[in-house]
Amino acid sequence: MWIIKLCALLKLRKNTDKQAELHSSTNDRIFNIHYQVYTNMNHKWVLWQAFILFMLILPALPSISQGVILEENFENSSGLPAGWEEVTTSSFPQWSFSEIGNTHYLVIPYHTKIAYLNEGDSDKEWPGEYLITPAINLSGYTNAYLSVDVFFKAMTYQSNTESFGIEVSVDGGNSWFALRYFSEYFNWHKVYCDLSEYCGNPNVQIAFKYSDGGGWLYGAGLDNVKVQVPYQNDAALLYIEKYNFVLLHDTIRFKGLIQNLGANDLTAVKLNWRVNGGSVCSQDITSMSLSPLDTASFLHSTPWVPSTQESFNIDMWVTDPNGLSDDNPLNDTLSMHITNAVSSKPEKNVFLEVFGASWCTICPHAASMIAEINDSTDNLIVAVIHVEDSYTCSIGTEIFDNYHLFPGWLVTGLIDRYDLYGEVSMDMDRYLWPYFVCHREEKISPVDISAGNTFNPYTRELEIDLFATFRCDLMGDFRFNCYLVEDSIVSGQDNVLTIPDREPYCYKEQWIYNPPGTIENYLHMNVLRDVLGGAWGSFGSLPNYVVDGQEYEFHYNYTVPDSINANNMRIIGLVQKFNTDSSKCEIYNAIDMHLNDLTQIYQADENIRSMIVYPNPARDKIYIKNIDKATDALIFTMQGEMLTTKKIIDNQIDISTFMKGVYILKLSDEKGVNIIKFVKQ
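Taking the numbering used here, the leading residue of the sequence shown gets 1, the next gets one more, and so forth.
Some hints here could point you the wrong way.
Below are the SDA-like pairs computed for lysine to any residue, each with C-alpha atoms no more than 25 Å apart in a straight line [as the list claims (entries may be wrong)]: (1) K345 - V679; (2) K113 - Y145; (3) K443 - P329; (4) K660 - M642; (5) K270 - L238; (6) K584 - V679; (7) K242 - S656; (8) K348 - D548; (9) K209 - I285; (10) K621 - D581; (11) K255 - P134; (12) K621 - N579; (13) K113 - S139; (14) K209 - N160; (15) K646 - G661; (16) K625 - E520; (17) K577 - N402; (18) K255 - D284; (19) K242 - C438; (20) K242 - K621; (21) K625 - M659; (22) K646 - T657; (23) K190 - N102; (24) K584 - D284.
Everything labelled a hint here was simulated from the structure, so no lab data went into it. Values in this document were obtained by computation on a predicted structure and should not be read as measured data.
I would like the entire structure built from these sequences, with the hints used as guidance.
As C-alpha cells, then:
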C-alpha cells in the first residue's frame, strides 16, 4: 500500500511540475532528490530507502494546495508571453513588454520588464484593451488567489477618465465578469484578488482590461502575475514604519500593517519585536476580524526607548495566526537598521532636485506641484537642474546623467537623494513629491546646519560659511556642499498644459488642454547655476569621524558671473554623505539663504569689513561672527525703514518676535560698519 501511495504521490508531483512551484526551495530540492531516487531505482532495497526518506521529509513538505497555478513576470519574452492573448480595438498589438515604458505624460517607475500601455504623446484611442492569461484549471481547488503588481494613476483629462481592472471568464472568453477595478495609486503596488468563487471550473481565464474612456489619457503597467492556492492560516507582516535615526530617550511605538493571506478568517495574532537580538517583546491581538486578503494597521503596545547612542537592528514579526502555527513563515518578518540615536532633534529641511528644461512641455506643471508642497510646508528647498537648454550647467548634467537612467521623460526629481528601500525609484515622478517630501520631513536628521555669507556687489565676490553640528557620533565620508540657484528668470517656456488665472502655478484644478506652444514670459524659479562642491560634495570638508555636539565649519569663495542677477540668487548649503554607490549618497540636511547684496542701503567705503550672520534664514536667534565690541544693532525693512534697536548679548540677537520676511541688519564696531541682509522664517 505504501508503494502505491508513494507512486501516486510521485506521479502527482510529475504531473504538476509545470504549474506548481513550492515556496520552500530547500524542500523542493529534497523532493527532487527523492523523485530521482525513485525513478532510477532497480532494487527493492533502494525502494525501501526511498520510502524511509519520504516518510522522514513528509512533514516538512508544503501541501500541494500551496502550489503556484500560474506565474508570469514577463522577463523571458520580448513580446506576448506564450499562451497569453491580446484583444484590441486596433489592427495592431498595443500591449508592450520592456523595462522602459515612459513618455513625458506617463512616467512608469522602473520595475524590471513589465507589460504596459502608454498613451503617451499621441491619442491611441483605447476604449477597451485586453491582456488575457492562458486558461487555468481550477477544478481541483476550493481556494485560489491572484496577485499582481500594478501601476495605474486613474487620471481624468478633458472630462474623460481612464479605467483599469480585472475580468474573469469561465467559457473560453465568450463572456467576462468584472472582478475588481484598480483605484489611483502613484507607485507600483501589489494587489490581491480572491478567485475562490471560480474554483471548480476547468477553464478559467483572467483578463486585464484598460480603457481610456474615449479620451487622450495615460495608461497602466502590470508585472508579476501569479495565481496560487493559499495556505489555511497565513498572517503576513506587510509593512513597518522605518527609521534611519531616532531620538535618544524618546518613546518609540512600532507601527505597520498586517495582511491576512490565508484562506481562513484571521481573528488573532501575536506581534513580536526585539532590538539587537535581545529579549522579545510580544503583544497578543485577539480582537481582529480580517477576512482573507484584508489588511489592518497596528501600533505595538510596548514602546521602545533607546537609552544609548549606538546602531540598532530591529526585527519585527507576526506569529500564531488564530492561535495556530503559521503555515507560511516566509512572510512573517521585517527588519530595519537604525544608524544611531541623536542627542537632540535638528530641524529637518528636505532637498528636492528636479530635472527640467525650457523645452519640456509639462515643466509648468512641475512648478505647480512645488507650489502646492510649499503651501503646506516651509521646509522644502528646491534646485531645478536644467537639461540641454540655455540654463544647463556641467555639474547639473553630471547629476542628471548619474541618476536619470531611463530616457523618455523629464519632470522627475530626487528627494534628499534618498533610496526609499525599493518603495519607489530614486528619480521619482512629480506626482509622488508631495507624499515623499512629507515622509522625509518627518524623519530625524543627524545634523544641524546653518550658514552665513557676505557679498561685495562691486567686485561680485561672494564668501560663504557653512556650519554643521552633528547630534551623534558617526563614522563615514561626510561632506559639505553648496548649490547656487537663481529665481525669477523671465524667458520662454514650452507648454502644453495650462490653466487660466494661475499659470504656471496652476494646481488644485482640472487641466485644460491647449495646443503646444510657448509661454513668452514664464518665470523660471530655483534654476541651478553652479555647485561649488561638485556633484558629490567637497572632499575632506568634514572629518570621517564626527562627534556629537561639535560644530564644524567650511568656507567657499566664489565670484558671481555677470550673467546671474545677484538680487535673485540663493545659496543652498548641504551636508551629504558620499559613497561609491550613488544610491547611498543621502543628503542629511539643507539650508538656503539669499545673498547679502547691500547696495540699496549704503555706499561701500574702506571701513566696511566682513561679519557673518547665521543661521540665515533663522527662526528665533541670529548669531554674529567676527564682531569686536559692537554697539547696538539697527534693524531695517527692505525699504530702508528702521524698525528697532536690538541689544547684542553673547554675539546673539533675539528675533523671535519678528514677522516672517527679509530684514537688513546694521552693525558697527571699532573697525567699521557692516550691513547684512537676513531672513526671518
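Each hint tested on the structure:
Using a Cα cut-off of 25 Å, the hinted pair K345 and V679 holds, with the two alpha carbons roughly 22 Å apart. About 23 Å separates the Cα atoms of K113 and Y145, which keeps this hinted pair within 25 Å; it holds. At roughly 31 Å between alpha-carbon atoms, K443 and P329 are farther apart than 25 Å, so this suggested pair is violated. For a cut-off of 25 Å, the pair hint linking K660 to M642 stands: about 16 Å separates their Cα positions.
For the suggested pair K270 and L238, the alpha carbons sit about 14 Å apart, so the restraint of at most 25 Å is met. For the proposed pair K584 and V679, the alpha carbon gap of about 32 Å is over 25 Å, so the pair is violated. Taking the CA atoms of K242 and S656, the gap is about 34 Å. The hint is violated against a cut of 25 Å. As the CA atoms of K348 and D548 are separated by approximately 17 Å, the hinted pair is consistent with the 25 Å bound.
This hinted pair does not check out: K209 and I285 have alpha carbons roughly 39 Å apart, beyond 25 Å. The suggested pairing of K621 with D581 is violated, with an alpha-carbon distance near 38 Å, which exceeds 25 Å. Pair hint K255 plus P134 does not hold up; C-alpha atoms about 40 Å apart against a cutoff of 25 Å. Note on K621 and N579: the hinted pairing is violated, with a Cα-Cα distance of about 35 Å set against a maximum of 25 Å.
Using a Cα cut-off of 25 Å, the hinted pair K113 and S139 is violated, with the two alpha carbons roughly 32 Å apart. Restraint check for K209 and N160: the C-alpha separation of about 17 Å stays at or below 25 Å, so the hint holds. Simply put, K646 and G661 have alpha-carbon atoms about 17 Å apart, close enough for the 25 Å limit, and the pair holds. Restraint check for K625 and E520: not satisfied, since their Cα atoms lie roughly 45 Å apart, outside the 25 Å limit.
Of the pairs offered as hints, the one joining K577 and N402 holds, with about 16 Å between alpha carbons and a cut-off of 25 Å not exceeded. With a CA separation close to 15 Å, the supplied pair K255 and D284 stays within the 25 Å bound. For the proposed pair K242 and C438, the alpha carbon gap of about 14 Å is at most 25 Å, so the pair holds. Distance restraint check for K242 and K621: the Cα-Cα separation of roughly 33 Å exceeds the 25 Å cut-off, and the hinted pair is therefore not satisfied.
Taking the CA atoms of K625 and M659, the gap is near 24 Å; set against the 25 Å cutoff, the hint holds. Of the supplied pair hints, the one linking K646 and T657 holds, its CA atoms being roughly 12 Å apart against a limit of 25 Å. About 20 Å separates the Cα atoms of K190 and N102, which keeps this hinted pair within 25 Å; it holds. Using a Cα cut-off of 25 Å, the hinted pair K584 and D284 is violated, with the two alpha carbons roughly 37 Å apart.
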